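Enquirer: Next come the chains, spelled out residue by residue.
There are 2 protein chains.
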Amino acid sequence: MADALKIGIAGLGTVGAALVRILQERRDMLATTCGRPIEVVAVTARDKSRDRGIDLSATTWFADAASLAADADIDVFVELMGGSGDPAYSAVKAALSRGVHVVTANKALLAAHGIELAGIAEEHGALLNYEAAVAGGIPVIKALRESLTGNTISRVYGIMNGTCNYILTKMEKEGLSFEACLKEAQRLGYAEADPAFDIEGNDTAHKLSILTSLAFGTAIAADDIYLEGITNISIDDINAAADLGYRIKLLGVAQRTESGIEQRVHPTMVPLDSVIAQVDGVTNAVAIESDILGELLMVGPGAGGNATASAVLGDIADIAKSRPGAQTVPAFGRPVTALLPYTRAQIQSHEGGYFIRLTVIDKAGVFASIATRMAENKISLESIVQRSKTHTESGAPQTIILVTHATMEDAVRKAVASIKTEGYLVGEPQVIRIERPKAA
Amino acid sequence: MADALKIGIAGLGTVGAALVRILQERRDMLATTCGRPIEVVAVTARDKSRDRGIDLSATTWFADAASLAADADIDVFVELMGGSGDPAYSAVKAALSRGVHVVTANKALLAAHGIELAGIAEEHGALLNYEAAVAGGIPVIKALRESLTGNTISRVYGIMNGTCNYILTKMEKEGLSFEACLKEAQRLGYAEADPAFDIEGNDTAHKLSILTSLAFGTAIAADDIYLEGITNISIDDINAAADLGYRIKLLGVAQRTESGIEQRVHPTMVPLDSVIAQVDGVTNAVAIESDILGELLMVGPGAGGNATASAVLGDIADIAKSRPGAQTVPAFGRPVTALLPYTRAQIQSHEGGYFIRLTVIDKAGVFASIATRMAENKISLESIVQRSKTHTESGAPQTIILVTHATMEDAVRKAVASIKTEGYLVGEPQVIRIERPKAA
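Which chain is which? The protein sequence lines are A and B, in order. Each residue of the first sequence is one higher than the one before, starting from 1 at the first, in UniProt numbering. Each residue of the second sequence is one higher than the one before, starting from 1 at the first, in UniProt numbering.
Hints listed in this document are in silico derivations from the structure and should not be mistaken for laboratory results. All values reported here derive from a predicted model rather than from experimental measurement. Beta carbons are placed, not taken as given, at the ideal position from N, Cα and C, and that holds for glycine. One or more of the hints may lead you astray.
To be verified - Quick list of in silico lysine to any residue cross-link-like pairs, SDA-like style, CA-CA up to 25 Å:
id	chain 1	residue 1	chain 2	residue 2
1	B	Lys-173	A	Leu-272
2	B	Lys-173	A	Gln-186
3	B	Lys-438	A	His-405
4	A	Lys-173	B	Gly-245
As the list claims (entries may be wrong) - FRET-style restraints, in silico, Cβ to Cβ:
id	chain 1	residue 1	chain 2	residue 2	range
5	A	Lys-378	B	Lys-183	43 to 51 Å
6	B	Lys-183	A	Asp-273	48 to 56 Å
7	B	Ser-67	A	Gly-281	52 to 60 Å
8	A	Leu-340	B	Lys-183	44 to 52 Å
Claimed, not checked - Chain A regions said to be covered by chain B (calculated; three or more residues, Cβ under 8 Å):
id	stretch
9	27-38
10	69-77
11	104-112
12	130-141
13	272-280
14	301-313
15	346-356
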């Protein structure tokens with residue numbers, strides 16, 4: 001049997017501790033599968049004294065990630081600290097610069113510095129593996145980077161934030177408000193005390209930027225993502241969606257268009273009978289549409305210590321199974337010098353169906369006015385429904401819901417803006433984009 | 001850039017021709033991604049004169065697969081002939097024995113000789129890749145062999161035959177008979193003129209035997225699979241299933257149990273609100289349940305020239321990206337000598353829920369008798385429903401549908417056998433197993 005693969009781990013939180021435990025408990029099984037043992041020889045974390053329920057007696061403790069990355073006698077540097085800046089950034093750079101392979105679960109780091117790090121990896125013959133950074137345990141990086149080689153990708157989209165999907169699922173199933181479901185998510189540990197990063201869509205955007213680069217062979221453009229969170233989604237939207245045969249999901253979507261690549265994160269109506277509509281709770285799902293293979297959808301746990309550790313372990317095992325200097329898989333699917341520049345398609349030119357919910361005062365001519373404003377902007381309607389709440393006095397505000405055929409975002413914005421000047425709207429209009437699987 | 005990877009292709013049917021075309025049209029893109037060009041240098045097929053719409057001018061034509069495998073100056077032998085015996089079997093053996101990597105889409109060959117071929121591959125440092133052999137374009141082999149390394153798998157199951165899923169979907173959606181839907185499948189080219197291999201479950205069984213070996217690290221046992229096709233599924237079963245919140249799918253299931261590994265292929269009730277229940281038409285789906293990652297479900301095209309060619313291309317690209325002799329991934333996840341013997345769990349000891357549909361003559365005491373026979377066999381019932389068809393005269397046969405809680409197959413068989421002796425049954429009882437996703 002070949003020499004052991006020596007691992008250094010920076011970060012011993014839930015994922016790091018789970019990884020150490022699994023590597024120790026399954027040492028023999030892993031050695032059989034990988035053709036050599038995998039040994040954790042070096043670790044670092046913020047607090048040395050904390051009891052993590054794992055045996056670190058055979059490992060060297062380093063004071064910080066920088067010194068572990070620079071000095072430890074390791075084949076693989078496993079970065080599980082998180083954060084786009086230091087200490088993770090410099091430590092990963094230092095490891096790659098020594099030709100040490102890096103396995104990371106750090107989406108923020110890759111979204112900010114992925115291409116630079118991939119370049120350093122290539123230059124020094126090191127691998128940069130990051131399956132755990134996107135959609136946790138779902139092997140979407142491997143699918144894009146390896147399985148779909150040779151395919152031209154037209155669209156990648158998915159549910160990549162468990163917190164948001166948990167909240168939206170719970171709102172629909174139990175008829176509760178956004179605020180109530182967020183509180184429950186926080187109580188269960190599915191949402192942070194400060195939930196903004198999840199519910200505003202930033203977390204999904206980080207992951208999407210990585211998928212976009214892999215799917216389209218472009219440089220990462222994490223700042224060029226159109227972003228809308230789920231905080232404005234009301235139970236009325238969810239119920240109206242259900243009545244019309246849709247369900248609301250927070251999707252990240254990257255799509256090739258004539259004017260460039262769209263990257264957008266927003267609440268989205270998906271058809272109720274589509275497979276992705278059934279993905280409930282904290283579960284994630286990613287769909288990839290390509291010209292040779294067709295549509296591939298993968299569903300699985302997007303977070304959690306074990307699921308993330310499993311993805312990290314798969315990345316480590318890939319390195320263990322190869323021989324030093326053997327593998328030449330570029331981190332983002334093609335050599336950094338061959339990556340294309342990212343051209344942003346503006347959201348105004350997005351083409352698709354739209355759901356528009358308007359609350360209006362109850363007077364004659366409103367319905368006709370709305371229909372006219374739509375027609376003026378050449379928006380063709382799939383349906384327009386006026387919903388009267390029962391048990392409300394006559395003259396109370398009414399809800400009008402429109403579903404459009406495929407149209408331009410720009411036209412929708414103009415139509416809504418002109419409706420806003422009419423004086424019959426109560427509150428803000430709600431506009432939600434519709435996304436359909438290729439097959440549906 | 002490194003030397004070109006030289007490919008020989010045996011079999012130029014739909015998949016082979018698509019593969020040649022893709023490799024030629026995307027030569028530059030593939031060279032960029034893989035770090036070296038991929039060149040088709042040798043081919044063979046039954047009929048040299050046939051026009052396949054592809055350019056073979058730069059390739060050497062071999063008279064047969066055996067001579068291509070034995071003599072051609074190639075790095076990879078791509079076997080797309082099909083069939084468990086010769087010429088495929090000997091040709092693959094010959095290639096591997098020379099240390100030439102093999103990529104194959106041939107499930108029958110692997111089900112019959114997979115372990116022997118894996119042994120030859122290991123001995124000569126060759127890779128044996130076969131992503132296309134199971135569930136077409138879905139990267140389930142890579143997920144099991146690479147992504148899930150270190151996980152202990154408890155169950156693998158899926159929809160792996162597009163013909164059966166097309167028929168079952170069409171029966172439900174259009175209320176048509178099995179025979180009518182089969183004819184339509186044949187007309188559309190989704191079913192063979194002799195459809196037995198698909199509709200009796202043999203095709204699914206071949207694929208399942210490969211997944212079982214990969215999932216559980218055991219020798220392939222394709223002959224130890226419990227097999228039931230879909231020919232006895234009636235529209236009454238499908239409607240009854242829908243009423244009870246289920247949908248019928250032909251599943252292949254491999255499951256670890258206390259007494260061994262169950263391998264079974266049969267019509268199965270899955271909960272209507274599960275993700276896999278939404279997988280319609282010719283689409284395939286495979287679910288993997290493991291102890292670290294959790295449940296992973298992959299959905300995609302299970303057949304077709306392009307989807308299959310895409311999977312073959314991914315396998316070739318994996319070889320192109322590695323350096324000669326570099327990769328040591330064993331074909332079935334662990335070295336052949338480390339594979340465990342397969343211990344078959346008998347179907348009689350299968351534990352699960354059951355759907356039982358009985359047609360009985362309309363007389364007093366039948367309902368009570370059925371309930372008693374169930375109780376005698378310690379079968380606890382989730383529901384028991386008597387369905388009277390409207391517009392039938394009194395005294396006409398009645399349908400009684402039972403859904404059991406988890407019970408043993410043996411108990412169900414005994415209960416049904418004793419009911420059959422009572423004299424009130426009309427025709428044969430229908431018994432369909434229920435399978436639930438872990439999370440549901």
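Enquirer: All hints, please: hold or fail.
Expert: Verification of the supplied hints:
{"no.": "1", "hint": "B:Lys-173 x A:Leu-272", "result": "16 Å, holds"}
{"no.": "2", "hint": "B:Lys-173 x A:Gln-186", "result": "41 Å, violated"}
{"no.": "3", "hint": "B:Lys-438 x A:His-405", "result": "38 Å, violated"}
{"no.": "4", "hint": "A:Lys-173 x B:Gly-245", "result": "17 Å, holds"}
{"no.": "5", "hint": "A:Lys-378 x B:Lys-183: 43 to 51 Å", "result": "45 Å, holds"}
{"no.": "6", "hint": "B:Lys-183 x A:Asp-273: 48 to 56 Å", "result": "26 Å, violated"}
{"no.": "7", "hint": "B:Ser-67 x A:Gly-281: 52 to 60 Å", "result": "57 Å, holds"}
{"no.": "8", "hint": "A:Leu-340 x B:Lys-183: 44 to 52 Å", "result": "49 Å, holds"}
{"no.": "9", "hint": "27-38", "result": "holds (count 6)"}
{"no.": "10", "hint": "69-77", "result": "violated (count 0)"}
{"no.": "11", "hint": "104-112", "result": "violated (count 0)"}
{"no.": "12", "hint": "130-141", "result": "holds (count 4)"}
{"no.": "13", "hint": "272-280", "result": "holds (count 6)"}
{"no.": "14", "hint": "301-313", "result": "holds (count 8)"}
{"no.": "15", "hint": "346-356", "result": "violated (count 0)"}
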